[in-house]
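Participant: If you want the building blocks of each chain, they are given just below.
Protein chains: 4
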Amino acid sequence: MIVKLSTPYSFLDDYSEGAHPRLLEALMRNNSSQQTGYGTDDYSHEARQLLHAAMHTTPDEVAIHFVPSGTAANLISIASCLRPYEAVVAVDSGHISCKEAGAIEATGHKIIAVPHLRGKMVPDRLERELDRNQFFPHMAKPRLVYLSNATELGTLYTRAELQALSAVCRRRGLLLLVDGARVGVALAATRNDLTWRDLVDLTDIFWVGGTKMGALLGEAIVVRRAIAEGFEFHIKQHGALLGKSRVIGVQFAELFRDGLFFELARHANEMARRIAENFVRMGFALAAETETNQVFVQIPDAILPQLEERIRFYEWEKVDGHTVVRIVTSWATDETQVEKLNAWVRQVRQGRA
Amino acid sequence: MIVKLSTPYSFLDDYSEGAHPRLLEALMRNNSSQQTGYGTDDYSHEARQLLHAAMHTTPDEVAIHFVPSGTAANLISIASCLRPYEAVVAVDSGHISCKEAGAIEATGHKIIAVPHLRGKMVPDRLERELDRNQFFPHMAKPRLVYLSNATELGTLYTRAELQALSAVCRRRGLLLLVDGARVGVALAATRNDLTWRDLVDLTDIFWVGGTKMGALLGEAIVVRRAIAEGFEFHIKQHGALLGKSRVIGVQFAELFRDGLFFELARHANEMARRIAENFVRMGFALAAETETNQVFVQIPDAILPQLEERIRFYEWEKVDGHTVVRIVTSWATDETQVEKLNAWVRQVRQGRA
Amino acid sequence: MIVKLSTPYSFLDDYSEGAHPRLLEALMRNNSSQQTGYGTDDYSHEARQLLHAAMHTTPDEVAIHFVPSGTAANLISIASCLRPYEAVVAVDSGHISCKEAGAIEATGHKIIAVPHLRGKMVPDRLERELDRNQFFPHMAKPRLVYLSNATELGTLYTRAELQALSAVCRRRGLLLLVDGARVGVALAATRNDLTWRDLVDLTDIFWVGGTKMGALLGEAIVVRRAIAEGFEFHIKQHGALLGKSRVIGVQFAELFRDGLFFELARHANEMARRIAENFVRMGFALAAETETNQVFVQIPDAILPQLEERIRFYEWEKVDGHTVVRIVTSWATDETQVEKLNAWVRQVRQGRA
Amino acid sequence: MIVKLSTPYSFLDDYSEGAHPRLLEALMRNNSSQQTGYGTDDYSHEARQLLHAAMHTTPDEVAIHFVPSGTAANLISIASCLRPYEAVVAVDSGHISCKEAGAIEATGHKIIAVPHLRGKMVPDRLERELDRNQFFPHMAKPRLVYLSNATELGTLYTRAELQALSAVCRRRGLLLLVDGARVGVALAATRNDLTWRDLVDLTDIFWVGGTKMGALLGEAIVVRRAIAEGFEFHIKQHGALLGKSRVIGVQFAELFRDGLFFELARHANEMARRIAENFVRMGFALAAETETNQVFVQIPDAILPQLEERIRFYEWEKVDGHTVVRIVTSWATDETQVEKLNAWVRQVRQGRA
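Chains as they are written, first to last, in this note's numbering: chain A, 1 to 353; chain B, 1 to 353; chain C, 1 to 353; chain D, 1 to 353.
Incorrect hints may appear among the rest.
Heads up, the list lumps identical chains together, so a pair's fine if it works in one copy or across two of them.
Below, in silico cross-link-like pairs of lysine to aspartate or glutamate (EDC-like), each with a Cα-Cα straight-line distance of 16 Å or less [said to hold, decoys possible]:
| id | residue 1 | residue 2 |
| --- | --- | --- |
| 1 | K141 | E309 |
| 2 | K318 | E277 |
| 3 | K141 | E229 |
| 4 | K99 | E152 |
| 5 | K99 | E335 |
| 6 | K99 | D131 |
| 7 | K99 | E46 |
| 8 | K318 | E161 |
| 9 | K318 | D131 |
| 10 | K141 | E277 |
| 11 | K340 | E309 |
| 12 | K99 | E232 |
Since the hints were made in silico from the structure, they are not lab data. Treat the numbers as computed from the prediction; the structure is a model and nothing was measured.
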């Protein structure tokens, strides 16, 4: 076993630890049962049923498929929906735009960038970009709008916002895909007013992130039947159909059996709220409101080295004399560590006053 | 928990169960340590070191990368090596040729088919096909030879055979890739005379299957440094770079820490040997010699329904009055179940005599 | 101007000369008119009307598009029809299978090979291969059958043969694509009983070769409206939408204005017939019957060098002591040169007798 | 022959007419000579020699290949240079960014957008975007910089500007590609100080547009030998290797035999200069300086309908009460028509004064 005693506690991301113990126990418990693979195992079926129940959907309405990673979920979802000349429209801060090594383009599709507003796609900017991309047949044809909820900046879409975007999509013949790598913390957020069923009704395809919500790996893609034909082929073709598909099925079944998924999400959000509120109370400025499990806070460069001794985090950007720091909490975030961080922040402020 | 009491014991494949218990225990033990992801976690590093030790290689010589599935291993390995106009040469029974939903073609590359001999590529057939594909620039240029060891039919490459193929490749400027989904049972076979080091010396890239050797998922790609530049990009671009890369790292570390990998492989081979020998002793004909963990045996159609009541298996092909049946054993195969199968075979024969 | 006086007359292929003079004159005549491009010029419109008239079709029924090369016609037609996991089924001697540098695979699609019979696809072999490729979702899904008429060996499909293949396709939910690089000589052949209208009725998409029938360049793709949506995008995306699309439009209009297309085709066939009949009369064996403009004849190796001094041709294959030689005639083949060749063949035989 | 007497004279683009008559005459003159195809014909060889002479290069230094269209030139050049995870960096107004229907992405590569400055790439913006795209292995790796000369807005790169960009590329390990769809008018411009040899020295690959400089079709790609290996395969694979490659060879030989190429370019520039100067003299504002053959002029919306009765042009954008109009001249622009346009502009102004 590898232990590094001296490493500061990590607020780098929401996938630093393994799985929630209940998920590992379920894997152990079911380990010796013999199953067929490639998505046909009993646990994947059970997980699908539990997801349908949570979302108030039926298998006739939406299909549910599991894949090992978020990039796989995005590239497979997109490649499954589009004809070769069709393009995706996404905000410039979107994960597919800038953090997936060109995975979408590698399937042959252009991404048309829309400037984000607090990490979000907004209807007027979307429509402007759509209007600019209509020169037939010289421009790739916009066909699918991609957005993330929560966004890459930790912000949320309200029901009204998603309805407005969905309405634009339907009016203009576009599909709507929601990247739900962090949909757990989004739907569990205090300010959230979206439901699973809303996602089903307002989008054509979305996925539910397991990796960032306590699973070892795995994301569940929920896709309208009408566009789901042959979806298994796409998964297989991209190397995302696991022989032991049970490994994802077992975990999703556990997450959705009795509400564990949102329980974990609420913990992550609560930890972020405490950190954010303490920073604000102590007079630090947030670079963005903390709506889910990401805290963006401005730290004076003078005290940055001290913070680095205490916790691990990403530097987001430099703004004259300050650094915007990203602190991410998760289902696994240790309350004691949050208290220690908050105590240090109070000390720093008092020492300065 | 799902239990189906009435299902016959499965000899369908070597990935019906979960993971070897030691691997699950290691996942549990390390679960709470905080790690960075995407291949940079301590467990993946440890697994790489253990693989280097087992193979007598250094990180300067070969790079080692982990991916979640065999199809991912194949498509990423191939896409990483080839320029757009270059083709793969593979036997027609090869996994990439017929069981990966066009995954290789989806990365843009043609597969040139060579008729197999007992599942294997042989030099003269390879050379004939190479000679036929030299019409510049009208034919895709052969650049990489793909083979599987053990093959899809359970057969083995001897050292001399692999040397001969490697020599053809080097003489003709071709790369050599070995699909090692079942390299464990191959190297653990009684007749095997190949070593890990031979694979390093004779090929350019090969991968070590974990999914079929007791891991929940995961394959380790071993690639010569000279052609490994930017390999992580390929993995990321195809959605195969896991956020929690530890899930594969922990398992491979366990498999290679003290010889568990080959211990499991020997069990699989031994179980197959017992089944095969019993069939032969009882007068059944094997459709192929049993060199690893796959038994291909001819079952008279009259008794096929009885076999189906006892065990689960694939029907491989129909030959007048008989069915060639594939029985696969694994690290998890229950000795008692093997004995029950063998006892039934003896009974059947005696009942007929 | 480059002139090589000493080069023997070429029977290498049917695209050795420039364009039929009437096509060049039409280009001259219309040269100074101002036109919009990318397929919207008046000449392309006129050519489309003439093709519709020849085929007894309407623009509501089929769309007609022009592209610069046969490989472009094939790759665009195929990429336009298939979803990413769908495969093409073609004979192993098909142009896309072995002479297009992996162009189809470069668009992401697998080609499933069927052994040819005299260059042709036949129903039972097709069905056998379809039956072998049904393992969902591990095998790419057969979706489009590709064949060439005339075939790469100069043979023809009869109406009954094409009907039988078309029936298989419809019964099994497959599209049918006919590569018409040499459809001119096919439909103009003595034994032909197919019409343009048959091609429209029995296939989903086919193309009419201009390059090999007197045009400088250009092929006309005829595609059923139901599957033609966005076709211009595909053409543009693959670099096949010419700014001066008139260059193809003018030529096709000329070819189809008053029957020039078939007039040229009949000349090509007649020249081949004379050569083939003379060979047979003089006791040479044909390796294949001469149905269109390709003569495959066995030449004793002893006299091969003398033939090489007289004409240029391709050596097709070596058969003990003989070489199968391919002689191709075209719209431009000089009757005098045919007579000289035939005279030499007679002399050779008499000298031997 | 199609004649539309009533259509106003077109200044829509520089490819409205057919070919310069000398090119058509050359096609006629050489029409009956027998040639091999696919780039091996004598005329293509001659054209290559003439291009080498014009550029002071040797075949050992750069390879020269012909393709039928600008989109083909771009997509083949880019696909030939990059590994799958590598990206192109281009200004947002670049042709590949917005007018090629996703052709580059269809070959699998991401385009990273840099905001243009008067249509041009500038070093500091380039470097900023490069710095933002270094997050290994989550971001596609910038590897090739693409720019157009003349740009899509008709502006020019000076020698110093191209040197500065080339220096950035070399310092940061990037290739440099110049799209020369309009390199003729660029190098023939009054203010130009670049030579062909500069392009060879400062870039890795560039192409010379024939379609917009008097050819029926055809672009010549000039690529450094070191990165040109297998280039013919790429051309073939994308359907851009013409059977009758002579059609491009003959035309390029004619354009470069005795300076016709730049003669035509100078005419286009001179016509644009006269139009632009007249507009300025008459008090109209140019939206951009006229450096080559494109005039961007602000027309009050009140008189726009009158202009539309006289000439054809593109509306570029609306700016309160005015429309920016794009007027393009070419090798074929009729001097009389320019005078008529200028006379009308003078009248309009006098009528208003």
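Participant: Please go over all the hints and tell whether each is borne out by the structure.
Facilitator: Status of each hint after checking the structure:
In this assembly of identical chains, K141 and E309 lie within 16 Å of each other by CA distance neither inside one copy nor across copies; the values are 50 Å within and 32 Å between. For a Cα distance limit of 16 Å, the shortest separation of K318 from E277 qualifies neither inside one copy, at 22 Å, nor across copies, at 48 Å. Only between protomers do K141 and E229 lie at most 16 Å apart by alpha-carbon distance; the minimum there is 12 Å, versus 22 Å within a single protomer. In this homomeric assembly, K99 and E152 come within 16 Å of each other (Cα to Cα) only inside a single copy, at 10 Å, whereas the closest approach across copies is 30 Å.
Proximity of K99 to E335 under the C-alpha cut-off of 16 Å is found in neither arrangement, the shortest distances being 30 Å within a copy and 48 Å between copies. Proximity of K99 and D131 under a CA criterion of 16 Å is satisfied inter-copy only: 14 Å between copies versus 26 Å inside one chain copy. For a Cα distance limit of 16 Å, the shortest separation of K99 from E46 qualifies neither inside one copy, at 32 Å, nor across copies, at 27 Å. Taking the closest pair of Cα atoms, K318 and E161 never come within 16 Å of each other, the shortest separation being 30 Å inside a single copy and 30 Å across copies.
For the homomeric pair K318 and D131, the shortest alpha-carbon distance between copies (14 Å) is at most 16 Å, but the shortest distance inside one copy (35 Å) is not. For a Cα distance limit of 16 Å, the shortest separation of K141 from E277 qualifies neither inside one copy, at 45 Å, nor across copies, at 39 Å. Taking the shortest alpha-carbon separations for K340 and E309, only the intra-copy value of 13 Å comes in at or below 16 Å, while the best inter-copy value is 62 Å. For the identical chains of this complex, K99 and E232 are inter-copy neighbours only, at 13 Å across copies versus 25 Å inside a copy, given an alpha-carbon limit of 16 Å.
Figure legend: structure checked against the earlier numbered hints; hints not met, in rising order: 1, 2, 5, 7, 8, 10.
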